[in-house]
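Using the numbering used here, you'd call the opening residue of the sequence shown number 815 and step up by one each time.
Read the hints as simulated data drawn from the structure, not as lab findings.
The beta carbon of each residue, even a glycine, is placed where N, CA and C say it ideally should be.
Heads up, some of the hints might be wrong.
Mimicking SDA-like on lysine to any residue, the simulated pairs with C-alpha atoms at most 20 Å apart in a straight line are [as the list claims (entries may be wrong)]:
no.: 1; residue 1: K893; residue 2: M833
no.: 2; residue 1: K917; residue 2: R942
no.: 3; residue 1: K917; residue 2: W892
no.: 4; residue 1: K917; residue 2: R895
Have a look at the derived ranges for each label pair, beta carbon to beta carbon [said to hold, decoys possible]:
no.: 5; residue 1: A866; residue 2: P831; range: 19 to 25 Å
no.: 6; residue 1: L870; residue 2: K893; range: 23 to 29 Å
no.: 7; residue 1: T886; residue 2: T910; range: 23 to 29 Å
no.: 8; residue 1: D919; residue 2: N825; range: 25 to 31 Å
no.: 9; residue 1: M833; residue 2: V940; range: 44 to 50 Å
no.: 10; residue 1: S862; residue 2: S903; range: 31 to 37 Å
no.: 11; residue 1: G859; residue 2: T935; range: 55 to 61 Å
no.: 12; residue 1: A860; residue 2: G897; range: 52 to 58 Å
no.: 13; residue 1: W938; residue 2: T837; range: 54 to 60 Å
no.: 14; residue 1: R839; residue 2: V940; range: 27 to 33 Å
no.: 15; residue 1: F823; residue 2: V898; range: 39 to 45 Å
no.: 16; residue 1: K946; residue 2: N909; range: 54 to 60 Å
no.: 17; residue 1: L882; residue 2: R944; range: 38 to 44 Å
no.: 18; residue 1: K946; residue 2: V898; range: 40 to 46 Å
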Amino acid sequence: MTEAAHTLFDNWDDRCPLMSYLTPRVVTSAVFNLQENVVDIVSNGAWSWPNAWLNLYLILNQAHVPLLNNETEDTMFWKTRNGVLREFSVRDAWNTIRDRGEKVDWCHLVWSKYGIPRHATHLWLVMRNRLKTQDRLKQWDVGGDVDLSLL
815 MTEAAHTLFD
825 NWDDRCPLMS
835 YLTPRVVTSA
845 VFNLQENVVD
855 IVSNGAWSWP
865 NAWLNLYLIL
875 NQAHVPLLNN
885 ETEDTMFWKT
895 RNGVLREFSV
905 RDAWNTIRDR
915 GEKVDWCHLV
925 WSKYGIPRHA
935 THLWLVMRNR
945 LKTQDRLKQW
955 DVGGDVDLSL
965 L
């Protein structure tokens with residue numbers, strides 16, 4: 815871990831982020847800076863937490879003192895849906911947060927490598943019954959003078 819790891823907001827330990835246990839008011843009333851980095855509170859291989867916190871927040875006593883190494887760059891990790899820590903990638907993040915619906919029979923009809931994206935999107939709307947046609951817009955009392963051409 816390098817000097818860049820943030821004490822309260824980064825996941826540098828299994829129990830992190832520490833802000834899930836503390837409040838901004840508690841932090842600032844202990845004359846502790848919200849912007850402190852881990853390197854700022856480690857002194858001679860030991861924590862230098864405010865004394866009042868050690869009795870109130872036992873989780874701080876359980877946090878391991880990290881080995882600080884300025885020779886290497888920090889690496890970002892992402893916890894997948896299965897709880898596995900992997901090096902961060904946008905693909906893993908997207909697969910974790912996106913809503914995964916049931917796979918439909920017609921997906922290969924719509925999403926083909928030979929298809930035109932504009933047509934595929936249009937067909938996808940048709941298949942999901944989400945195309946904004948005049949009969950659907952009548953329900954919302956949209957006037958007849960609205961241009962509904964798709965081109």
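Keeping to a limit of 20 Å between CA atoms, is the pair of K917 and W892 held or broken? violated (26 Å)
Is 52 to 58 Å respected by the C-beta to C-beta distance linking A860 and G897? violated (31 Å)
So does F823 sit 39 to 45 Å from V898, Cβ to Cβ? violated (22 Å)
Assuming the hint says 55 to 61 Å, is it satisfied by the Cβ distance from G859 to T935 or not? Since the Cβ atoms of G859 and T935 sit about 58 Å apart, the hinted range of 55 to 61 Å holds.
Per the hint of 54 to 60 Å, is the separation of the Cβ atoms of W938 and T837 within bounds? violated (46 Å)
Would you check the hint for K917 and R942, treating anything up to 20 Å between C-alpha atoms as holding? Holds, at about 13 Å.
Assessment of proposed distance window 44 to 50 Å (beta carbons of M833, V940): Cβ of M833 to Cβ of V940: about 47 Å, so the range 44 to 50 Å holds.
State, for the Cβ atoms of L882 and R944, whether the hinted interval 38 to 44 Å holds or is violated. violated (53 Å)
Confirm or reject the claim that A866 and P831 have a C-beta distance inside 19 to 25 Å. holds (20 Å)
So the hint says 40 to 46 Å: do the beta-carbon atoms of K946 and V898 match that? Roughly 41 Å apart at Cβ, these two residues keep to the hinted range, so it holds.
That 23 to 29 Å hint for T886 and T910 (C-beta), does it hold up? holds (26 Å)
Would the pair K917 and R895 pass a check requiring their Cα atoms to be no farther apart than 20 Å? holds (19 Å)
Of the numbered hints stated above, those contradicted by the structure are hints 3, 8, 12, 13, 14, 15, 16, 17, listed in ascending order.
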